[in-house]
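Colleague: Sequence:
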Amino acid sequence: MEDVAKLELRRPQAIGGVGGALLNIPSRGLIAADAFFKSINYSAALHAEAYRLARAKGAKGQELAREISSMINNPPPVLINRAKKIADYKVFQKEPGEITKKVLALRGSKVAGLPVMQFIVPFIQTPVNLLKFGLQRT
Numbered sequence: 118m119e120d121v122a123k124l125e126l127r128r129p130q131a132i133g134g135v136g137g138a139l140l141n142i143p144s145r146g147l148i149a150a151d152a153f154f155k156s157i158n159y160s161a162a163l164h165a166e167a168y169r170l171a172r173a174k175g176a177k178g179q180e181l182a183r184e185i186s187s188m189i190n191n192p193p194p195v196l197i198n199r200a201k202k203i204a205d206y207k208v209f210q211k212e213p214g215e216i217t218k219k220v221l222a223l224r225g226s227k228v229a230g231l232p233v234m235q236f237i238v239p240f241i242q243t244p245v246n247l248l249k250f251g252l253q254r255t
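The sequence shown stops at residue 255 when you use my numbering, and every number in between is there.
Just so you know, these hints were derived from the structure itself, not from any lab. Beta carbons are placed, not taken as given, at the ideal position from N, Cα and C, and that holds for glycine. Incorrect hints may have been included.
[What the hints assert, rightly or not] DEER-style ranges, computed between Cβ atoms:
# : residue 1 : residue 2 : range
1 : Ser-187   : Ser-144   : 35 to 41 Å
2 : Lys-174   : Lys-227   : 51 to 57 Å
3 : Ile-142   : Asn-191   : 37 to 43 Å
4 : Ile-157   : Gly-137   : 27 to 33 Å
5 : Phe-240   : Ile-157   : 19 to 25 Å
6 : Thr-243   : Ala-176   : 18 to 24 Å
Using the sequences and the hints given, assemble the complete structure.
Modeller: This is the structure in structure tokens:
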């Protein structure tokens, strides 16, 4: 998953030294947890979608098992895309809508050369996706 790469890349720290490393631990933990749960959901979605596609082809019994195994071992692009979308949705990392994109752009703006809004409103995308998720179920 692409989030795992975030863990491996060396990023400049806002605060250097031991203090900066300690302050960065929660962020690294959140990224690791997101990557972990996204990989679990991706694998589950890949298997579920492979089953659905094989059943849609009319496969049964051993033929169904072979078809599912084949799709999981060599997933077609449509299966990969579906599994990624499902995993993103289940960990609340779905692509933001137009309004959220505008709020994210506003948050990225700088005041006197400093990203002040990032300190005031650090989390936008996940809370918005959580709100959408809750509203869909009420």
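Colleague: Hints first: check each against the structure and report whether it holds.
Modeller: These are the hints, each one checked on the structure:
no.	hint	verdict
1	Ser-187 <-> Ser-144: 35 to 41 Å	holds, 40 Å
2	Lys-174 <-> Lys-227: 51 to 57 Å	holds, 54 Å
3	Ile-142 <-> Asn-191: 37 to 43 Å	holds, 39 Å
4	Ile-157 <-> Gly-137: 27 to 33 Å	holds, 31 Å
5	Phe-240 <-> Ile-157: 19 to 25 Å	holds, 22 Å
6	Thr-243 <-> Ala-176: 18 to 24 Å	violated, 38 Å
Hint 6 alone, counting from the list given before, is not met by this structure.
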